[in-house]
Amino acid sequence: MFGLTIEQIAFIFRGAGWTIVLSLLGFVGGTILGLPVALARASRRRSLRTGSGLFVQLVQGIPLPVIMFVVYFGISIGGYDVPALVAAGIAMTLYSSAYLGEIWRGCIQAVPKTQWEAGECLALTNTQRFVFVILPQALRIAVPPTVGFLVQIVKNTSYAVVIGFFDLTYSAKVINNSTFMPFTVFTLAALIYFAICFPMSVLARRFERRLSRS
Amino acid sequence: MRGCALSYEFDFSFLNDYLPELWHGIWLTLGMTVVSIVPGFALGTGCAVGRLYGPPWVQRLVTIYVEGIRNTPLIIQVFWLFFGLAVLQVRVGPFPAAVIALVINVGAYTAEIMRAGLQSIPKGQLEAAACLALKPSQSLWSVQIPQAVERVYPALVSQFVLMMLATSIMSQISAEELTGVAYMIQSFTFRGFEVYLVIAGIYLVMSCLLRLTLLGVAQVSFPRRRRLGTPL
Amino acid sequence: MNIAASPQRATEIQNMTRSDTPLVRFQGVRKSFGELEVLKGIDLEVKSGEVVALIGRSGSGKSTALRCVNGLERINAGELTVCGRTLHDGKVDLRDLRQDVGIVFQSYNLFPHLTVEQNVTLAPRKVHRIGAKEARELSDQVLAQVGLSDKAKNYPEQLSGGQQQRVAIARSLAMRPKLILFDEVTSALDPELTGEVLRVIAKLAAEGMTMMLVTHEMAFARSVADQIVFMHQGRIWESGKGDMLEDPQTPELRQFVGNGL
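Residue numbers (the numbering used here), protein chains in the order written: chain A, 1 to 214; chain B, 215 to 446; chain C, 447 to 707.
Watch out, some of these pointers could steer you wrong.
Said to hold, decoys possible - Listing some non-contacts, in silico: residues in chain B with all C-beta distances to chain A over 10 angstroms:
no.: 1; residue: Asn230
no.: 2; residue: Gly264
no.: 3; residue: Gly338
Stated by the list, open to error - Reference listing, derived: stretches of chain B covered by chain A, where coverage requires no fewer than 3 residues with Cβ under 8 angstroms from a Cβ of chain A:
no.: 4; segment: 279-288
no.: 5; segment: 412-421
Simulated from the structure, these hints should not be mistaken for lab results. For glycine and all other residues, C-beta sits at the position ideal for the given N, C-alpha and C.
The shape of chain A in the complex, shown without the other chains (with noise of 0.2 angstroms):
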C-alpha cells in the first residue's frame, strides 16, 4: 500500500498506539497535578500564588523536549533505569499541569464574583462555597479550552522522540530511514495525528460556540 508493506504501516499504527498511551498520561498526570496549582494560582494566599506562578513561568519558559531530557537523565542519575515511557510521562505531566493550571484559574476566576457573595449570604463554608457554586460553573466554563489543549498534548507527545520514546512520531522516523519515502511516511504519520487531533478541534471549537451562545 503507498509503497508500504503491510508490516511496516502497521509498526507505523503501533506507535500511533503509544502516542495515545502517552497523551493520556499526559492528560490523566497534568489534570492530577493540574487542579491544585489552578486552585494555588487562585488562592487568596500570597504564597501559594507566587509558588505556583514561578512553577507556570519556568514550565513555560523552557521548550518540552528540554523538560523531557532534564527528567529523563534526572531519573538516571539516581540510578534508576526507567523506561522512556516514564520519562516522557512525567515530563508530559509537569508541562500539562502548568498549562491546565492556567487555563482552569481563568476559568475559576471567570465565575463572577457576586456567584462568591451569594454563597457567603448563604451561610456556606469557604469549601463548601467552593465546591457547590464555583466549580459547577468554572467546569462548564473549562471544557472547551481543555478540549482544546488535549489537541496540543496530543502534537506535543512527538517531542518525546528525543529521548527515544517509541511512538507515532518515532516509528514514522524508522520506517523511513529504511524506505527513504519521506513524502509518503510522513503524510501517514500526519494524517494519523490530524485524524486524532482536528475532531477534537472542531469540538473545541463547537463547545465554545454552545458556551458563548448560552
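Position chains B and C relative to chain A; hints supplied.
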C-alpha cells in the same frame, strides 16, 4: 538506591570547556527565531485576510492550510519538509529548512490570531473607512490591520515565544541549535542532567528576553500606547 | 465653499452652486430589508447650499434614507441621483461618489490608533494623494473650522465625546465634500456636549455647506434647516420650512412635535 542519588556529585565543568559551542547554539536558536518572526507574521496576516475577505477558493485553501498545520506536530512537518526536500534532490541546509518550517508553522497560528483580531474590530470602523473613499486595501492596511495587531499583540508575543521554544527540536534535522549543542556536550561528558539544567536556564532567560524585546517593539510601534501609557 | 483641493474642483463646485440642478434627488425611492419595506417611495430634492433636516420617530426610515445617499444602503426601486451620479442603476463608483459626499456618524467612528491629525488627513493622503506638508496645512485648517486647533496631536480617547464628534466633522471636511450627511450626530452625547457640536454644524451651514441631517434636536432643525422633512412609516409625511413645526398639518407630526419639544 536513594543513597546513590544523594551521593551524586554535580559537575558543571563542561561550562568552561564548551562555552563557544553554547554561544553558537544560543545564536543559532535566536537567529532562527528572529528570522522566522517577520515572514511568519506576514504569512499569517495574509492568510487571515484571505480567509476573511478572499474569494471562496482562497478561503478554502487557507482553511486547509491552517487546520492541517494546527492539527499535526511541528516535528512531523519538519521531517516531511527536510527529508522530502532531500529526496527531491533539493539541497537545503538545516538552518533554512528549519526557518521555512517555522514560518509555515507559525503562519498558521498567526492566521487564527489575526483573524480573531480583524473580526473584533467594530463594523463602524470599516464603514467609516469606506465612507472616506478608501479602497478596501487601504482600509485594511491603514485601519484594520494596525488595530487588529494592537488588539492581539499579547497573543502574538506568546505565540512567538512558543515558536522560539519549538526551535529546540531542530537538532532532529541536525541544526546545531542550543538543544542540539546540549546533546553533543552530554554525549562527550556524560553529564546529561547538569547540561540540560543549564540549557533549561538559558531557555528561560531567552524566553524572558524575547518577551521583553517584543513588548519593547510594541512600545515603539504603537505610539498611542506609549503616549497614553495604556498597557497591552 | 472655501478652499478646494484643486482649481478645477473649485470651478466645478462654483458651477454646482450657481446652477439649480439639485445635488440630491430622490424619485420614488424604495428600500426593503428582507420582508420589511422601510422606504415606501421617497421624493426629495436637496439643492446646493441647502440644509435639509430629516426628522421622525425611530424606525421611520430617516436614517436609511440618509444612508442611501452615499451608497451605504442600496435602493431597491425608484431613482436616486447624487452629485450628478445615478445610484439606482448599480453602476455607480462608490469610492468616487464618497469623495463628494461626507458622512458623520452617531458613534463618531474615529480611528482610535491614529492621532486627530492623522484621522483627519488619512483619506486626503491616501485618496487625493496629497503630500505631508499639504496634509498638515489641511489639518490645521479643518481643525480650526471645528475649533480644535490645539488637539491635533491628541488621540481620540483623550477627547470628550463632543470633541471627538467635531474631529469626525473635520475629517469629513478634509475631503472637500460637496455634501455632508449627519446621522444623529448628537444622539450619543451628553446634553451639555451637544451644544458645541451643533454650533459647528450651524457655522458650516452659514458658510454655505450643503447638508442633510437626521436629528432629534427640533429647535436646532428649525433654526438651521432650509427644509424640514418629517418622515413617518417610510414615507415623507410632511415637509416645509422651519415654521412648519409650529403649525403641523397632520396629527402624526402634531403628536411628534408635542413629544419632541
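Going down the list of hints, with the structure as the test:
No Cβ of chain A comes within 10 angstroms of the Cβ of Asn230/B; the nearest lies about 20 angstroms off, and the non-interface call holds. The beta carbon of Gly264/B is kept farther than 10 angstroms from every beta carbon of chain A, the shortest such distance being approximately 20 angstroms. Distance check for Gly338/B against chain A: the nearest CB is about 22 angstroms away, which clears 10 angstroms, and the non-interface claim stands. For the segment 279-288 of chain B, the stated coverage by chain A is satisfied: 7 residues place a CB nearer than 8 angstroms to a CB of that chain, which reaches the threshold of 3.
Only residues whose beta carbon comes within less than 8 angstroms of a beta carbon in chain A count, and the segment 412-421 of chain B has 5; three or more means the coverage holds.
Of the hints listed earlier, there is not a single one the structure fails to meet.
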